Amino acid sequence: MGDYLEMKGTVIVYSIVGCAQCIRAKRILSQRRVPYTDISLDSFPQCHNEMVERSGGDPTLPQIFFNGVHIGGADDLEDLVHDDRNWESLLEIVRTEESTSGPRLPSPNQAVDILDENANGASE
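Residue numbers (this note's numbering): 7 to 130.
For the record, the hints were derived by calculation from the structure and aren't laboratory data.
Small disclaimer: the values here were computed from a predicted structure and weren't measured.
Backbone N, C-alpha and C fix where the C-beta goes; we use that ideal spot for every residue, glycine too.
Beta-carbon label-pair distances, calculated as ranges: (1) 98 - 24: 29 to 37 Å; (2) 23 - 91: 31 to 39 Å; (3) 52 - 91: 33 to 41 Å; (4) 98 - 22: 26 to 34 Å; (5) 52 - 74: 17 to 25 Å.
Take these sequences, add in the hints, and give me the full structure.
Now the structure itself:
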């Protein structure tokens, strides 16, 4: 019962460090044992434009996607999990289908090292 769901697809959460709504969305997914990939725009700022484009122009965070399906933010996710039929339908898609139309995952070597940037800006 403590295991996460096995999925062929991908749940993606675009977030930034310290964002209360981002933390809330990730907590909702974790409590429901749904594995997700967190794309932190702090580390991957180059993903911002794709996120805005895929979310229909919405620049707010978090933005959540189940494969290619845009869910919205934390409030939208909260509403979805209380709609049993739609929630189960989306979970079934992500369980059984690989993501072919969802957001692209950035390569780890594309990450901006925010710790190095902070250290470079610090006075000694």
